[in-house]
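Sequences are here, hints too, so could you generate the full structure?
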Amino acid sequence: GAVVSQHPSRVICKSGTSVKIECRSLDFQATTMFWYRQFPKQSLMLMATSNEGSKATYEQGVEKDKFLINHASLTLSTLTVTSAHPEDSSFYICSARDPDAGSNQPQHFGDGTRLSIL
Amino acid sequence: RKEVEQDPGPFNVPEGATVAFNCTYSNSASQSFFWYRQDCRKEPKLLMSVYSSGNEDGRFTAQLNRASQYISLLIRDSKLSDSATYLCVVNPFGSARQLTFGSGTQLTVLP
Numbered sequence: 013g014a015v016v017s018q019h020p021s022r023v024i025c026k027s028g029t030s031v032k033i034e035c036r037s038l039d040f041q042a043t044t045m046f047w048y049r050q051f052p053k054q055s056l057m058l059m060a061t062s063n064e065g066s067k068a069t070y071e072q073g074v075e076k077d078k079f080l081i082n083h084a085s086l087t088l089s090t091l092t093v094t095s096a097h098p099e100d101s102s103f104y105i106c107s108a109r110d111p112d113a114g115s116n117q118p119q120h121f122g123d124g125t126r127l128s129i130l
Numbered sequence: 027r028k029e030v031e032q033d034p035g036p037f038n039v040p041e042g043a044t045v046a047f048n049c050t051y052s053n054s055a056s057q058s059f060f061w062y063r064q065d066c067r068k069e070p071k072l073l074m075s076v077y078s079s080g081n082e083d084g085r086f087t088a089q090l091n092r093a094s095q096y097i098s099l100l101i102r103d104s105k106l107s108d109s110a111t112y113l114c115v116v117n118p119f120g121s122a123r124q125l126t127f128g129s130g131t132q133l134t135v136l137p
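Chains as they are written, first to last, in our numbering: chain A, 13 to 130; chain B, 27 to 137.
If you are wondering where the hints come from, they were derived from the structure by calculation, not from laboratory data. Computed from a predicted structure; not experimentally measured. Worth double-checking, as some hints may not be accurate.
Stated by the list, open to error - Derived lysine-lysine pairs resembling PhoX-like cross-links, with alpha carbons at most 20 angstroms apart:
1) A:Lys-53 with B:Lys-28
2) A:Lys-32 with A:Lys-78
3) A:Lys-53 with B:Lys-68
4) A:Lys-53 with B:Lys-71
5) A:Lys-26 with A:Lys-78
Shown next, in the form of structure tokens:
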């Protein structure tokens with residue numbers, strides 16, 4: 013079964029709307045979660061690292077005021093795309109790693125959120 | 027140079043064929059390596075980790091060459107259900123740090 017739950021799976025909304033995406037770790041506590049974005053026919057690109065109880069770390073070129081990340085608990089991180097525009101339309105995926113898993117066990121991914129801004 | 031480079035394909039092979047994918051990475055200090063599979067419009071799913079000595083999981087064999095900074099995936103006896111995009115993934119820092127993804131190699135297995 014899924015160990016990382018992401019919601020919603022699909023969002024279609026008008027330009028200028030803010031959209032919140034939730035990422036939950038179901039069977040473990042995740043002090044760190046990762047947010048990726050994938051445009052069609054491209055690889056997953058890390059946007060930011062979400063740290064429980066502290067500020068997120070953003071990758072170069074990702075606007076922190078545009079993509080707000082909140083990691084208020086050990087099982088929940090949220091990504092809010094503020095004032096979304098059509099160029100923000102993409103597939104957003106979160107991931108987390110079970111800290112009790114072996115070192116060769118990488119991250120578990122959520123199901124992804126397909127965001128379409130009209 | 028990209029951190030992780032893969033041939034995008036597409037690879038179109040008949041059922042039962044053997045197909046190999048290659049991947050190179052730029053960070054010689056990279057710690058862990060994986061192959062993920064991604065179906066269309068879905069999240070990536072871990073296919074297998076790649077160990078220094080090479081490892082096999084059923085029809086899938088992964089190899090790592092640290093000297094050449096090269097990873098490979100071999101699929102034997104391809105099934106229709108193997109059709110997907112295969113992502114080469116490198117963890118440059120190890121453990122819980124972020125992953126770096128290749129752009130993926132698209133495979134279509136034909137009946």
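Hint check results:
Pair hint A:Lys-53 plus B:Lys-28 holds up; C-alpha atoms about 16 angstroms apart against a cutoff of 20 angstroms. For the given pair, A:Lys-32 sits about 12 angstroms from A:Lys-78 by alpha-carbon distance, which is consistent with the 20 angstroms threshold. Distance restraint check for A:Lys-53 and B:Lys-68: the Cα-Cα separation of roughly 13 angstroms lies within the 20 angstroms cut-off, and the hinted pair is therefore satisfied. Proposed proximity of A:Lys-53 and B:Lys-71 is supported: the alpha carbons are some 17 angstroms apart, at most 20 angstroms.
Taken as a hint, the A:Lys-26 and A:Lys-78 pair is honoured in the structure, with Cα atoms around 16 angstroms apart against an allowance of 20 angstroms.
Consistency with the previously given hints is maintained throughout, with no hint failing.
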